[in-house]
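J.: Work the whole structure out from these sequences, hints included.
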Amino acid sequence: MKNPIVLLFLLTSNFLFAQEEIFLSPQLYSLEKFITIEEKLAPPVGYLRVKTDSNSFAAYLRNLPAINDNVLDFKNNVRIENGDSSLALVVPVSIKGNRLWQCMDIILLFQTDFLSRSNKVDKINFPLPDGTNLSWAEWKDGIRPEFSGDRFAKSVSSGKDSTAKNFQRYLNNIFSYSGTQTFYHHFSKVSLDSIKPGDFIVKKGKKGHAVLIVDVAINKQNEKVVLIGQGDTPACQFYLLKNKQGSPWFKILSNTKFPNLPIRKKMYWSGLRRFLHKYH
Numbered sequence: 197m198k199n200p201i202v203l204l205f206l207l208t209s210n211f212l213f214a215q216e217e218i219f220l221s222p223q224l225y226s227l228e229k230f231i232t233i234e235e236k237l238a239p240p241v242g243y244l245r246v247k248t249d250s251n252s253f254a255a256y257l258r259n260l261p262a263i264n265d266n267v268l269d270f271k272n273n274v275r276i277e278n279g280d281s282s283l284a285l286v287v288p289v290s291i292k293g294n295r296l297w298q299c300m301d302i303i304l305l306f307q308t309d310f311l312s313r314s315n316k317v318d319k320i321n322f323p324l325p326d327g328t329n330l331s332w333a334e335w336k337d338g339i340r341p342e343f344s345g346d347r348f349a350k351s352v353s354s355g356k357d358s359t360a361k362n363f364q365r366y367l368n369n370i371f372s373y374s375g376t377q378t379f380y381h382h383f384s385k386v387s388l389d390s391i392k393p394g395d396f397i398v399k400k401g402k403k404g405h406a407v408l409i410v411d412v413a414i415n416k417q418n419e420k421v422v423l424i425g426q427g428d429t430p431a432c433q434f435y436l437l438k439n440k441q442g443s444p445w446f447k448i449l450s451n452t453k454f455p456n457l458p459i460r461k462k463m464y465w466s467g468l469r470r471f472l473h474k475y476h
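So the number in the working numbering is just where the residue sits in the sequence shown, counting from 1, plus 196.
No wet-lab data here; the hints were simulated from the structure.
C-beta atoms are modelled at their ideal positions from N, C-alpha and C, and glycine is treated no differently.
Take every hint as true, because none was put in to throw you off.
Simulated restraints on C-beta separations: (1) S351 - N251: 28 to 38 Å; (2) R347 - N251: 32 to 42 Å; (3) G338 - S372: 11 to 21 Å; (4) G355 - K453: 48 to 58 Å; (5) D357 - S443: 44 to 54 Å; (6) S443 - D346: 39 to 49 Å; (7) K461 - E235: 28 to 38 Å; (8) N451 - G242: 19 to 29 Å.
T.: What follows is the structure, encoded as structure tokens:
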């Protein structure tokens, strides 16, 4: 069991340095320990989790809290009931009031939390729809994007501000401008053979979606299974899915174009992406 993970959102000019409890559900902050995804969901017999560095995004995801509970939406209503055949576990993110924390956005929040806790705040930067990079470092120095013609231009139009509140404005700006298609086109493509925890699948098209590869396990025959989780639209807590056989581990079949997920939007392996920044 691990100590609680929280977003480190109090900012100095260079580093996120203290805890502000705005990420996990309030009840977790009264706990000294919680059960993690890694502890809760063992791989199938004959499979072992792939090796990862202890300071990697994959390790961060494995150590997220995991509970059996209802999935709540941003209005605090029940979105999916505990016991639903498609629901494995809930990561109890405090989603209330955060209507912008939708499918791809909540994946970005995990990545941001990982970078901040790893003292890599300088790497917090995401693409706008045309591929222009907008980093937190620029935003806190007063640089803002403005759409001009067919591209975004950046200029200094605000004062310097490294507060937690301004950091949330930065994220909300990214969430408002950049939909799933931005991340389909401006993040690195990944082959199915090289899939690893922390990769994500983006659905191409007007009604896009994104799901996260939370973990990967492999057997002696080099066959792989994966844990897959998602947020959704309207915004709701992040949760892990179950397959039709009732297992949270989805087998990767090399001769199929898509994972057989229990969701309405079909996701294709061709949309597999990774947080390796590939900006203009």
